[in-house]
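**Student:** Here are the chains, one letter per residue:
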Amino acid sequence: MIRKFRLGKSYYEWGESAIAFFILLPTLSLVALFILWPLVQVFYLSLTNWSLVKGTKDFIGLDNFRFLSKDPNFLKSIRTTFMYSFIKIPIDLVLALGCAVLLDKAVPFRRFIRASYFAPVIVPIVASALIWIWFYDPGIGPFNTILKTLGLAPVNWLSDERTALLSIIIFAVWRGLGYDILLFLTGLQGISETYVEAARIDGANPRQIFFRIKLPLLSPIVYFVLLMGVINSFKVFTEISVMTPNGGPLYSTGVMVYYIYEAAFTRGRFGRAAAASVVLFAIVLALTLVQKKIAKKSVFSE
Amino acid sequence: MSKPHKHNWAAFTALVAGLVVMIFPFVWMILSAFKSKADVYAYPPKWIPSGLNWENFARAFVMVPFARWFLNSLLVSAAMTFLQVGSAIFAAYAFSKMRFPFKGAIYLVVISTMLLPQILTIIPMFLLIAKLGLVDSYGGLILPELFSGFTILLLQQYFMAIPDDLMHAARIDGCGPLGCLRHVVIPNSGAAIATASFFSFLGHWRSYLWPLIVVNSTKLRTLPIGLKYLITESSNDYQVMMAASVMAIMPVLIAFVFTEKRFIRSITLSGLKA
Amino acid sequence: MSRRLILASLLALVTLGFVSAADNRAAVRTPDGKIKLTLWFALAGANGDAFKAQVDGFNKSQDKVVVEPIFSGSYADTATKIVPALEAKAEPNVALMAAGPLYTGAYKNWAILDYINSDKDFNKDDIFPGMWEYSKFDGKICAVPYNISTPVLFYNKDILAAAGIDASKAPVTWADLYTMAKKAQADGNKNKSDDFWGFDMSDAPWLFKAMLSQNGNPVVETKEQTTTIPVYDRADAVEVATFWKKLADDKVMPQAQHANAEKRFLAGNLAFIVASSSRIGRWTTDAKFGLGAFTLPRFKKASIPLGGGGLVLFDKGKEANDASWLLIKYLMKVENQATFAMATGYVPVRKSSVNVPSVKAVSETPLYKIALAQLKDSWAYWHFNEMGTMDLLIGQALERLEKGKQQPAEAMTASVAELKAEMQ
Chain A
2 MIRKFRLGKS YYEWGESAIA FFILLPTLSL VALFILWPLV QVFYLSLTNW
52 SLVKGTKDFI GLDNFRFLSK DPNFLKSIRT TFMYSFIKIP IDLVLALGCA
102 VLLDKAVPFR RFIRASYFAP VIVPIVASAL IWIWFYDPGI GPFNTILKTL
152 GLAPVNWLSD ERTALLSIII FAVWRGLGYD ILLFLTGLQG ISETYVEAAR
202 IDGANPRQIF FRIKLPLLSP IVYFVLLMGV INSFKVFTEI SVMTPNGGPL
252 YSTGVMVYYI YEAAFTRGRF GRAAAASVVL FAIVLALTLV QKKIAKKSVF
302 SE
Chain B
1088 MSKPHKHNWA AFTALVAGLV VMIFPFVWMI LSAFKSKADV YAYPPKWIPS
1138 GLNWENFARA FVMVPFARWF LNSLLVSAAM TFLQVGSAIF AAYAFSKMRF
1188 PFKGAIYLVV ISTMLLPQIL TIIPMFLLIA KLGLVDSYGG LILPELFSGF
1238 TILLLQQYFM AIPDDLMHAA RIDGCGPLGC LRHVVIPNSG AAIATASFFS
1288 FLGHWRSYLW PLIVVNSTKL RTLPIGLKYL ITESSNDYQV MMAASVMAIM
1338 PVLIAFVFTE KRFIRSITLS GLKA
Chain C
719 MSRRLILASL LALVTLGFVS AADNRAAVRT PDGKIKLTLW FALAGANGDA
769 FKAQVDGFNK SQDKVVVEPI FSGSYADTAT KIVPALEAKA EPNVALMAAG
819 PLYTGAYKNW AILDYINSDK DFNKDDIFPG MWEYSKFDGK ICAVPYNIST
869 PVLFYNKDIL AAAGIDASKA PVTWADLYTM AKKAQADGNK NKSDDFWGFD
919 MSDAPWLFKA MLSQNGNPVV ETKEQTTTIP VYDRADAVEV ATFWKKLADD
969 KVMPQAQHAN AEKRFLAGNL AFIVASSSRI GRWTTDAKFG LGAFTLPRFK
1019 KASIPLGGGG LVLFDKGKEA NDASWLLIKY LMKVENQATF AMATGYVPVR
1069 KSSVNVPSVK AVSETPLYKI ALAQLKDSWA YWHFNEMGTM DLLIGQALER
1119 LEKGKQQPAE AMTASVAELK AEMQ
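Residue numbers (our numbering), protein chains in the order written: chain A, 2 to 303; chain B, 1088 to 1361; chain C, 719 to 1142.
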């Protein structure tokens, strides 16, 4: 005899529910302890003038948010973060998809090539950023040497406000490309031959096969890469802080996470940092919801 | 695509062009690891070292406990991967195959944690770890980063696709919910579990901000943190930093080249989608 | 099945368990009963090695206390780590760091002051008074000066020779330097580098603050011990800012690339650089060219703001504090501190150091001589909460100036206004 109980309109089994909660316990306690609890604190702290140095932690209502709405650096950091996303993600998507399509073909040394494209992913960012800082060095760096050989004017990569963010993006694309190639590649290899054969028999050319058959079948992965791309681009921090200290030339690489870091650790304004975190959270949440809406309409499912 | 014997040379050429860009930094790193200090600061820049300066490696090795950091990274990442994937299997199973109250709401909370940048919660998290007396310990290094919404999502998607008929059959044979997990879901999910482990390991291997804050003593540092300190410590000695980077990166790169085929296969089989 | 259940319960235990009640009021002891101290230090490379040697010396000099020195990264890294550590009471016993008073006095920790005053052996009057100012918060001492440096004008002898500049004549004023740097840049580029410059500095706010005071404009003024008011928007400050802008406009100094300055200098692509005297030890071996140094040029008068850091003691209960003080006292012994200073390029902090033979010998070498001689014009302001923010804002104002985004008066006014808003 299975005992059931009712909650709202649904019936549940006592035994199954108990087991479910039991096996969820590790996950739920981790989430509660290390994510929800700190998160609740962040929301509360965003309403205080918490400063470790000054020792204050008084409730000040929405003052932090009022300050942020007028702080040019904060407003700039939102813009910079969006620019980073908008430039990086399309480049990343197109390149990764292109490389994956090529790697899906029969090419010699495929394994070696595939591994090489993935190699930057497994390198600690501090190490690879160091190499790239050297590349970008205006004097002793190889990039300007190459430009010079080509007869072009030298560029102050990381210290010119017009190129600093772009330089970071180039590095970030290099560093993350392999990850997305891997995802696309596995998607492509998972596409059943029968679809492709059927299309070929119907007289479709390779371009049609790619755009009409493969791409739609790949759309869940495209969506996934896009979603993770947006989420991750709002989290970018390490390369920014390593390659362009203090938010870069004229704060041109000061993304939101960097702003939060600076507010908390350089200026000691934890309340303000918490408020900026809440804004960041709201933006990411909104973007994800929008993406979900779009995805519902355009992602093909088998 | 099954054209085993006909190589596509056009694709090959394009890929090799990209390859040059992708591995150029590594070539530069290796070349620079052998440079002398004079080579590093030479103008115009020198591409090829003037000789094989092995002492760069020796210096990096003497400066810091490299083997220890490497081992730390390896052990911590492996332990975290094991615990993370282990707990995620249970959670993913509950979310995909069991009925219990508030499932939708709990799932939403668990998955939406993926949206949170770590910087958001790092200070409260640190205070918590301190209250638990875990600052500067393996426990403090591991616990806060154990949970990953991504890992659960990945496994849950895969478990969903396991036909309910299989589950019913097992139930008729007398399996409870956990029996089904053990006898049906896990044996059928090798590829998905391998994929989840791969991504989980990768995430922990590269973890930076949290270890930087929570670890103080030299012997507990992981590779990325150790490298960061080495870079600060060797200030202008790029050749030493490069030698250190080579030692830190090469073993993993080589291991990856030899195992990547298996990873790609299992990721393909796991039918990754969101 | 049961194995999985055990695993699940273990996970839950691991998550929820682990509560330990650490009483940090009792000193930590090693298995053999010695008091164990943790020491963070923010000194890299050769300078860090020289410091570690001192700590080793302490460990060997007695058998009651063992110190574990831990390199805590750059000044900024150390500050980033000390803040959460303090909040969580996970800080070390002692730290060698910059802006130490912000992490002691600002937290109402004056423990070190009692030791300084009550320990007759310490002889606090033997330490240069300006350095004590550098160790205060709200007018009270809460750190001990240790790795103190002065800004020095280094130059590349080879470039000056190639440009035909007489290096025996030091630039006295900034106008002199401007002329020399311009000539060095025009005629000294023997490598034909595209990236060749006359003058730059590694720490822009530091040099700017030196110039301010040289031009008779204080950086901040203090009211009633606890209120600090930034005043670098007055006419004399704008004059300095105008000179600063001219350096960038005339392309004698690269625009806002100070993070690259040391690398450029070492690569032989920069004629003059203002950098901390703590570079003397390192660069003497690193530089592949003749390394020279001049006294920092001036505007109306000579004036040298102190830089570097000091030792701070974190309050961990009397037993541990006593041990920490033993360590600090050892490090501050005339000979020990002088040995450290002479190995690195930091300046000796005790007046009686000049009588130490090793100091006498080294301080006659040209580079050290300059770093030491500058001490007579040195000064410091007390630490205050927004000190880090001020440097950040001054740096940003200078950047706007150098990139031509703002005029001098405009940049200074905006920067001071922003700082005042942060302080309100």
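Hints were generated in silico from the structure; no laboratory data involved. Certain hints may be false.
Selected chain C positions facing chain A (in silico; Cβ < 7 Å) [as the list claims (entries may be wrong)]:
(1) E805
(2) A806
(3) D913
(4) Q975
(5) R982
(6) A985
(7) N987
(8) N1103
(9) M1105
(10) T1107
(11) D1109
To be clear about the criterion: a stretch of chain B counts as covered by chain C if any three or more of its residues have a C-beta under 8 Å from a C-beta of chain C, and this derived list gives those stretches [to be verified]:
(12) 1249-1256
(13) 1302-1311
Using N, Cα and C, we set each Cβ at its ideal position, and we do this for glycine too.
**Student:** Are the hints correct? Go through all of them and say.
**Tutor:** Structure-based check of all given hints:
Interface restraint check for E805 (chain C): the shortest CB-CB distance to chain A comes to about 6 Å, inside 7 Å, so the restraint holds. Hint status for A806 (chain C): violated, given a least beta-carbon distance of 11 Å to chain A, over 7 Å. With a cut of 7 Å, the hint placing D913 (chain C) at the interface with chain A holds, because the nearest CB-to-CB distance is about 4 Å. A least Cβ separation of about 4 Å between Q975 (chain C) and chain A falls short of the 7 Å threshold, and the interface hint therefore holds.
At about 6 Å, the closest approach between the beta carbon of R982 (chain C) and any beta carbon in chain A falls short of 7 Å, and the interface hint on this residue holds. Among the interface hints, the one on A985 (chain C) holds; its C-beta lies about 5 Å from the nearest C-beta in chain A, closer than the 7 Å criterion. Using the Cβ-Cβ criterion of 7 Å, the hint placing N987 (chain C) at the interface with chain A is satisfied: the shortest such distance is roughly 5 Å. The closest approach between the C-beta of N1103 (chain C) and any C-beta of chain A is roughly 5 Å, which is under the 7 Å cut-off, so the hint is satisfied.
Given the 7 Å rule on beta carbons, the hint for M1105 (chain C) is violated: about 10 Å separates it from the nearest Cβ of chain A. Hint status for T1107 (chain C): holds, given a least beta-carbon distance of 5 Å to chain A, under 7 Å. Interface restraint check: D1109 (chain C) against chain A, minimum CB-CB distance 9 Å, threshold 7 Å, status violated. Counting residues of the stretch 1249-1256 of chain B whose beta carbon lies closer than 8 Å to any beta carbon of chain C gives 0, which falls below the threshold of three, so the coverage claim is violated.
Counting residues of the stretch 1302-1311 of chain B whose beta carbon lies closer than 8 Å to any beta carbon of chain C gives 3, which reaches the threshold of three, so the coverage claim holds.
In this structure, the hints that do not hold are numbers 2, 9, 11, 12, in rising order.
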